[in-house]
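Engineer: Got two chains here, separate frames each, mind docking them using the hints?
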Amino acid sequence: MTDDRTDQAEARDVWISGTEEPEWLVHATDEGAQKMRHVETAERLAEQLGTVVGDDFLLEETIGDDDLMIVNMGPQHPSTHGVLRLHVELEGEIVRRVQPIIGYLHTGMEKTAETLPFMLGGTNVTRMDYLAPLHNELCFALAVEQLLGIDLPPRAEAIRVLMTELNRISSHLVALATNGMDIGALSMMLYGFREREGILAFFEKVTGLRMNHNYIRPGGVAADLPDGWEDDVEGILDVMPGRLREYDDLLKENAIWKGRTKHVGILTAEEAVAWSITGPILRSTGIAHDLRKAHPYSGIDRYDFDVPVGTNGDVYDRYRVRVDEIWESLKIVRQVAEAMPRGDYKTDDRKISPPPRQRIDESMEALIHHFKIHTEGFRVPEGEVYVAVESPRGELGCYLVSDGGSQPLRMHTRAPSFANLQSVPIMLADSLLADTIAALASVDPVMGDVDR
Amino acid sequence: MSRPLPDDEILRGVLEGFDNVEWHQSRGQDVLEVRPDDLLAVAGAARSAGFEMCVDVTATDHLGRREPRFDVVANLLSIEHRRRLRIIVPVEFVEDQPPSVSSLTPIWPGANYFEREVYDMFGIVFEGHPDLTRILMPDDWVGHPLRKDFAVGAVPVYFKEGDGA
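Heads up: the sequence lines are chains A and B, in that order. Position one of the first sequence corresponds to residue 1 (the numbering used here), numbered consecutively onward. Position one of the second sequence corresponds to residue 1001 (the numbering used here), numbered consecutively onward.
The following block holds chain B by itself, in its conformation from the complex (with noise of 0.2 Å):
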């Protein structure tokens, strides 16, 4: 089986050993799929390979569109290198159970508040992650916003007086 492979020397240093890695361009940018399991490894010699600042983590919730339903998607820069790199980590979702991936804090602690937003607005755990609070919403929050369904404006509205009716 071959899959398509880039053709600089970063990127292929990144992606050696790693056989379910699958590398893609989007929009002239480059991406790598990476399954839960190989996540830390590939995020390990991508940061060995110059990739030394972890600049944004975030997720996409694709409910009804396809399985799985969440992508995590971090996104690299090199500074010595001027160039970027975005991992995308699909994510299962089980019903009534968190979905989860392994924290990226040990190689970029500025993964940190990123992944707390994460967890605040998808509810994906990250395991390993030193702090995982709600950082956006308030602590006593029921679900998590950014959900595909979670619906515009479901929060009720009280008011002081009236009977409501």
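If we strip away everything but chain A, and leave its shape as in the complex, we get (with noise of 0.2 Å):
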């Protein structure tokens, strides 16, 4: 590893001495000369991409200290969404390093879940990733069913795939709406949340809550859709295609915006599989890796949809790559609501599920199913599996560990934000402070994704 570090050190070495200095404006102002860089964009987008797979952090200094300004941005700058802490060394106006700290919203959901029995381990991973509740409920709920191995009648697939496809345009909708107030264009902002707004109306009639909704639970969904649900489901998709073109309108092709996003942030391909980053940021740079066609879960193999892919992995196509993800989340929705199956939304496996109030008065056999639910929960067979869904920022999986209890051994969740969190450094390496803003936002990290 030593070897390997000082051998990246002498190839950037080699690189910087083999190109010509870049040209300084030298400003004089109070506090001293600051330095700042007279040609930008294509020397700029050359060095990005023509960075190695590493990550700058750990290359040695080839400034002294003078000339290095440490700046902290965060933990509570309001473009970090949330409690995000970044160290960023300057030289001048130019981006070094860049380090995040996070953990300041750690709260020990893993150690959490290895308390709650699996009926309520829902509640506790809903409250990971604030935006995309329901994704975390159904990774939960994918690997307690593997682990149990029962099958789940059609309509609790079809409402999982339609409440999780809806969420993914929900979550999309807020990374559109901070992305644009992060680089200044607050109307998005507002237009976002507003159309987030009907589709937290819907999960609010069909839930009871707006977020952490327990909705999703092993065995199936808590509840059936309410009535007149496919005309709330109706009014969503009648609504939206207009509202995205409206947003195209807005910033498609907004000169301020693409001035703001293209060839900003780039990370190439090579660079992403390395550090193992996955969904949007993924795709933008071009690799067509989506979980819902290379491991399907819940039959969303039957629905007709598209992974939109960018090219340049900057932090324009990672923001087209999200808006055709609505379309295509649109797509399945559509398909899903005209072709709803009948019949049971949970398991009627009475040992998960519990029996319906009403038998509890008639049945002695349902009752004592009732409080065997839920006093000790159900006992899940000896085993550990690693379960992965899609979620809007990525690879969300769930490796789970049960010794034959009611409880988990182990619960661990492979938080996507938390992953994606280390392409940062790599795509603020050498880029201007101006952009890291506008980088960390087509992240669209979520701190309590991050942290657990």
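None of these hints come from the bench; they were simulated from the model. On a predicted model such as this, the values are computed, not experimentally measured, just so you know. Some hints here could point you the wrong way.
[What the hints assert, rightly or not] Sample of chain A residues at the chain B side, in silico, Cβ under 7 Å: (1) Thr268; (2) Ser276; (3) His289; (4) Gly343; (5) Glu384; (6) Val385; (7) Glu395; (8) Gly397; (9) Arg410; (10) Arg414; (11) Asp451.
[To be verified] Cross-link-like lysine-lysine pairs, in silico, DSS-like; alpha carbons within 30 Å at most: (12) A:Lys205 <-> A:Lys258; (13) A:Lys372 <-> A:Lys351; (14) A:Lys252 <-> A:Lys372; (15) A:Lys205 <-> A:Lys351; (16) A:Lys262 <-> A:Lys293; (17) A:Lys252 <-> A:Lys293; (18) B:Lys1148 <-> A:Lys331; (19) A:Lys351 <-> B:Lys1148; (20) B:Lys1148 <-> A:Lys111.
By construction, the Cβ of each residue, glycine as well, lies at the ideal position given by its N, Cα and C atoms.
Structural biologist: This is the structure we're talking about:
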């Protein structure tokens, strides 16, 4: 490892000495001279594309301490989307090294999961990625079901697909909204949250809550879709396309938007794969990897949809990929809504899912099942399993180990935001400080998911 | 001695030359049990066989259930072949000595944060890791929270006023 690192450092030195010295503009200010890069875009693009797959943070310093300025961005910075702290080392206004410092929101949820019965695990995981709670629940429920080895009725699976794809839309809307706000497109923020309200209102009608639903549970979903759900979904499907076109009018060809996002925060495909980056960031580099296609779950492969990809892997491509994914999710939602199967919304295995309330008054056995499930929960056979779903932020995995009891021996969440944060130092090395915000916003980290 | 071998060529390619690596399936998922000494070599073989992404590294504490106490678990993904592979490394625990295993960062740089998290939560040292520091807990934290002998609610709560009676 040590050898590798010196090799990288040497390679970088050669590269630096082999290229022309960048032109600098020196401005005298009260606090001393500030160096500013004279020529920008093309050169910076080449720099970023030429970056070796390696964390620049580890490389040796080539400049003296006097030229280096350390800026702490966060943890209370408004554009860090929560409590993320970026330790930024600047040379003039060029970012030389970035180190994300996390853990401010750590609440030990994996430890908590070891004390909760499988039945209640959903209440815990749903609080991790608070913009995509249903994906967290789905992932946990799938892991438990795979350990139990049970199959679900088709309606339960269809409801899950419907809800998680709507959740993907609402999460991407927040990503667009906050991304816009961070770069100065404030109207995008208002529009994004406005459209999200419509989806959250539907979630509230179905699950009773706007977030932290605990709706998708091991064995199915908590309740059937309410009467008139078709009209609500139809309403969302009617409104969204027009609104998406409005966003395109606002941003797609907007010169300021393109100036702030094109060729900014570039990540190459090789870097993305090496650093375990998934989701829209990976797809923006041109790799069409989507778990819904590669490792389908809940019968999502029955529906027809495409995997949008980008080409440059910059902030603009990530924005485009997210918008296109909303279109694809709308396609899926329409198909699910049209072909919603009839039948049970959860498994009728009474050892796993509690009986309906009315049955308890009539049947002694139902009462016993109800009592057993709500006191000690159900036991899950010994074993270990890793299940992943495509959350709006990438691969959301659940590694679940059971020792045969009613609580997990270990529940680990592979949080997509946590891994994606590793891309920030790579994206930002040798870019301008002003691009930090744009690049960070395009990663779309949810700190609840990062710190858990 | 015959050991079970997988049917497909990709996994056979990974297993070739490693007599101590055990393959089995857990709920239909491919799992390799690897001894700590072989970890880097097996990981390198897996990387060459097409598992280009290390999506996750985590650990399990089996205190009081079996020896060795810890399992270090790495989940690999092959985008090209659309499949997964899990590597499990049992790690011994000796009192007053941090358990250790070689780091996967030379092969998959992306294992960086995950290994830091495992170090933070379980105190397992990854040899060769470029920056093995706590990631989620405060730097001055004592203990490793996800170990089974770290009790829930073990953090004393101090109040500003009163004599603590």
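Engineer: With reference to the structure, classify each hint as holding or not holding.
Structural biologist: Structure-based check of each hint:
The restraint placing A:Thr268 at the interface with chain B is violated, with a minimum CB-CB distance near 13 Å, outside the 7 Å limit. A least Cβ separation of about 3 Å between A:Ser276 and chain B falls short of the 7 Å threshold, and the interface hint therefore holds. Among the interface hints, the one on A:His289 holds; its C-beta lies about 5 Å from the nearest C-beta in chain B, closer than the 7 Å criterion. This hint is violated: A:Gly343 has a C-beta 26 Å from the nearest C-beta of chain B, more than the 7 Å allowed.
The beta carbon of A:Glu384 is positioned within 7 Å of a beta carbon in chain B (closest approach about 6 Å), and the interface hint is therefore held. The beta carbon of A:Val385 is positioned within 7 Å of a beta carbon in chain B (closest approach about 5 Å), and the interface hint is therefore held. The interface hint given for A:Glu395 is met, as the beta carbon of that residue sits about 6 Å from the closest beta carbon of chain B, less than 7 Å. Given hint, A:Gly397 at the interface with chain B, holds; its Cβ is 6 Å from that chain's nearest Cβ, closer than 7 Å.
A least Cβ separation of about 5 Å between A:Arg410 and chain B falls short of the 7 Å threshold, and the interface hint therefore holds. With a cut of 7 Å, the hint placing A:Arg414 at the interface with chain B holds, because the nearest CB-to-CB distance is about 4 Å. A cut of 7 Å between beta carbons decides the hint on A:Asp451: the least distance to chain B is about 6 Å, and the hint holds. Restraint check for A:Lys205 and A:Lys258: the C-alpha separation of about 38 Å exceeds 30 Å, so the hint is violated.
Proposed proximity of A:Lys372 and A:Lys351 is supported: the alpha carbons are some 8 Å apart, at most 30 Å. A hinted pair counts as satisfied when its Cα atoms are at most 30 Å apart, and A:Lys252 with A:Lys372 does not qualify at roughly 56 Å. Distance check on the hinted pair: A:Lys205 and A:Lys351 sit about 28 Å apart at the alpha-carbon level, within 30 Å; holds. Simply put, A:Lys262 and A:Lys293 have alpha-carbon atoms about 29 Å apart, close enough for the 30 Å limit, and the pair holds.
Taking the CA atoms of A:Lys252 and A:Lys293, the gap is about 27 Å. The hint holds against a cut of 30 Å. A hinted pair counts as satisfied when its Cα atoms are at most 30 Å apart, and B:Lys1148 with A:Lys331 does not qualify at roughly 46 Å. Only pairs whose Cα atoms come within 30 Å are accepted, and A:Lys351 paired with B:Lys1148 is accepted, the gap being roughly 28 Å. Pair hint B:Lys1148 plus A:Lys111 holds up; C-alpha atoms about 9 Å apart against a cutoff of 30 Å.
In this structure, the earlier hints numbered 1, 4, 12, 14 and 18 are contradicted, and the remaining ones agree with it.
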